[in-house]
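Student: The lines below spell out each chain.
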Amino acid sequence: MRYSYYPGCTLYNKAKDFDDSARRSCQALGIELVELPHWYCCGAIYPQSQDHKIPLIAPFRVLAKAKNEGLDLVTLCSFCYHVLKRVNYAVNNDKEKLDLLNDFLNENYRGDQKVLHLLEVLRDDVGFDRLAQYQKKDLSKLKVAPYYGCYLLRPQREIGLDDQENPMILNHFLSSLGIEVIDSPHKVECCGSYLVLVNRDATLAAVRRIIEGVKRLGAEAIATSCPLCHYNLDKFQAELKKEGLEPIPVFYFTQLLALFLGLERISFTTNKVPVEPYLREKIGDGYSG
Amino acid sequence: MLKVKVWSPLRERILEISGEDLLSCYQCGRCSASCPFAPYMDLIPNMVMRSIQLGIEDVLKANSPWFCATCLTCKVRCPRGIKIPEVMEALREIRLREKYDYLNPLTIDQELLTECPPMGIVSGFNKYSK
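Taken in sequence, the protein lines are chains A and B.
Oh and the first sequence: position 130 is 130 in the working numbering, straight run, nothing missing.
Oh and the second sequence: position 33 is 33 in the working numbering, straight run, nothing missing.
The shape of chain B in the complex, shown without the other chains (with noise of 0.2 Å):
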């Protein structure tokens, strides 16, 4: 049998950031059927596993992790113990290391501003801007 070890920058930066090397994933997609917003990912979360194993760069371009509200669903149930979120927080912290923000604050509605509890715009600003 022919193996082929992928080396992929992006995997070790995202190892680096999470602490996550996400080899262990056999793509049961049990993330994926656990997550609530899968149905508004480009990439559903199983996907971006493979994604990232494989060393596709296109995967940061997706919009996955901007809609994952870290409810840490697919962590809990993930039967490999794959730290799921936190690989979709190193590919959200990747580009917002670049300077890059997801959210820009004068376009939130301003009723939203007003009325939302602090401890989700403060949450909200954690994950989609820095």
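This is chain A alone, in the form it adopts within the complex (with noise of 0.2 Å):
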């Protein structure tokens, strides 16, 4: 199995727990994933105004260069998957839009790079029900709740990696872990996003109702793939922490992944929430971190 890995603006600094999980993993399962040569950020956010095409450019450029190597693209962020599948979304029902683009760039890319997230990958590549062979540790007393956010879901008609309302494959993903799996309706919730540049409270507000939501329900953790998420959903538990809600550890997929192929030495060099004292008292010995 081979593919493009596109990382993305984020995974080369703030998220890099997500992104050297993802690699190590990967390599263990022995997926291939082969970093694009020249690869530009995508922008991160996807215009909603119709008139204003400028920012469809730095996206469809990568599209572009990555259909010259001839390999399926593969990202990690939930902003990346999002941006270039709704890029290439856009212009495969608008040849307008596609023919301005090739001409502004130089290109000749006809929509047809497939994105696909890591997530599915491992569901329809790799197989769920295959991750077991790969078991090296126990992570059966982890009670996680999975967190999709908005990107990786909305629109389905554009995205289509799962139900947007009533998403899965991350629960069947960590489940296939082992993991006990807390569902809760505010898997798909935002979080407060780039909100959090502008107006503390509103994504303070937003981070409560998550954390106490799924910690109602049972939740000890939670796991996500969007570093954004995962940014604000453990940094604002420090305040949460004040109004007497015990923080609990979030998680990137692929680092839950790479406990549980037994791989040593994870980093968790961005999480406020401390992840090893919990880890330990429920993986015990077996955890290397």
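Treat the hints loosely; a few may be bogus.
[As the list claims (entries may be wrong)] Straight-line C-alpha distance at most 16 Å; calculated EDC-like pairs for lysine to aspartate or glutamate:
{"hint": "1", "chain 1": "A", "residue 1": "K114", "chain 2": "A", "residue 2": "D124"}
{"hint": "2", "chain 1": "B", "residue 1": "K83", "chain 2": "A", "residue 2": "E158"}
{"hint": "3", "chain 1": "A", "residue 1": "K53", "chain 2": "A", "residue 2": "D94"}
{"hint": "4", "chain 1": "B", "residue 1": "K61", "chain 2": "B", "residue 2": "E98"}
{"hint": "5", "chain 1": "A", "residue 1": "K272", "chain 2": "B", "residue 2": "E111"}
{"hint": "6", "chain 1": "A", "residue 1": "K16", "chain 2": "B", "residue 2": "E115"}
{"hint": "7", "chain 1": "B", "residue 1": "K83", "chain 2": "A", "residue 2": "D51"}
{"hint": "8", "chain 1": "A", "residue 1": "K67", "chain 2": "A", "residue 2": "D124"}
{"hint": "9", "chain 1": "A", "residue 1": "K53", "chain 2": "B", "residue 2": "E16"}
{"hint": "10", "chain 1": "A", "residue 1": "K53", "chain 2": "A", "residue 2": "E32"}
{"hint": "11", "chain 1": "A", "residue 1": "K272", "chain 2": "B", "residue 2": "E115"}
No lab work stands behind these hints: they were computed from the structure.
Predicted, not measured: the structure shown is a model, and the values here were computed from it.
The two chains are supplied separately, each in an independent frame; assemble them into the complex guided by the hints.
Tutor: What follows is the structure, given as structure tokens:
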């Protein structure tokens, strides 16, 4: 199994734990990720306005360059995945847009670069049911709430990864690692996203609702695929602690995969809520952090 | 029955930017019920839609579009298929294209700026400043 890999801006710095755990887990599973030789920021957010084409240029160029590599393109970050898939959808449904972008960039891209999220690769190409044969650590004592956020799912018509109101892919992934999955209605709720830059209260309220909600259902940790959700959910728990809400660790789903595969020295450098006491308690001596 | 057609330059402008004429909104309120940030808005999303239908220019002064995190929940739930986040973006764009900046980079908390993932900063500036 060989794929092109597009890390995007955040996986090279604030989410390097995500990148590192994903690359190493893939290696252990026999998935070869070949990083694109030249890649650019995708612009992070898909433009909502119709008359504004400039934000489409960067992601279009990423797709056009990826096409030259001849492999399916894998992403990890929810924002990158969202933007690349929607640009593909847009140019496939609007010939004028496709021609305009090709002319501007002097490319000849046809909108046919397949974009996959790593979760899709694990589900469809590896198979969740086949993960068990790679098991090195017992994670059955972990109680984890899957958290999808917005951009991995919505709008379903353009993204098509899973049901936009009741997605199950991350639930099934965690189950296949033997983890006790705590399903919650908060799994598709917005964490505040970029509002964190302008309004602390609104972001805190969104995070409070999610953390309170999943804890009430018995979750002891959260798993996500979005670095911005990870940041918001992790950071604001310090505030929630002052209100008497005990913090719970926030994981990237690949960190849990890396634990399951028995990889050593998995990094948790950006986590503000400490993860090690929880892992030691639940995995015991088997955990080598 | 008396029928009055409201001609509104604001609505035309929003249609031009967003591709959405929003005349089919029948005020069910599902967008507002779904919006995680409605409690912070001067006008909740269905009120924004109604104001634009009626051509009320004051909607441009509401804080509502600046509290939209483009989470797309309203859009995927709207029974009329109205592209509400696109309309919110059009309201932001009208102001931003007049050289208005909602967010001045110099006012961002230094700690936040150093630890926030770049995707958050890039997307925030896409929405709040041009």
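Student: All the hints need checking, so say for each whether the structure fits it.
Tutor: Going down the list of hints, with the structure as the test:
The suggested pairing of K114(A) with D124(A) holds, with an alpha-carbon distance near 14 Å, which does not exceed 16 Å. A threshold of 16 Å between alpha carbons decides the hint, and for K83(B) with E158(A) the separation of about 14 Å falls inside it, so the pair holds. As the CA atoms of K53(A) and D94(A) are separated by approximately 12 Å, the hinted pair is consistent with the 16 Å bound. For the hint pairing K61(B) with E98(B), the CA-to-CA distance comes to about 13 Å; that is within 16 Å, so the pair holds.
A hinted pair counts as satisfied when its Cα atoms are at most 16 Å apart, and K272(A) with E111(B) qualifies at roughly 14 Å. For the hint linking K16(A) to E115(B), the alpha-carbon distance of about 13 Å falls within 16 Å, and the restraint holds. Restraint check for K83(B) and D51(A): the C-alpha separation of about 15 Å stays at or below 16 Å, so the hint holds. Distance hint between K67(A) and D124(A) is unfulfilled; the C-alpha atoms sit about 21 Å from each other, more than 16 Å.
Between K53(A) and E16(B) the CA atoms are separated by roughly 13 Å; this keeps the pair inside 16 Å, and the hint holds. About 34 Å separates the Cα atoms of K53(A) and E32(A), which puts this hinted pair outside 16 Å; it is violated. For the hint linking K272(A) to E115(B), the alpha-carbon distance of about 11 Å falls within 16 Å, and the restraint holds.
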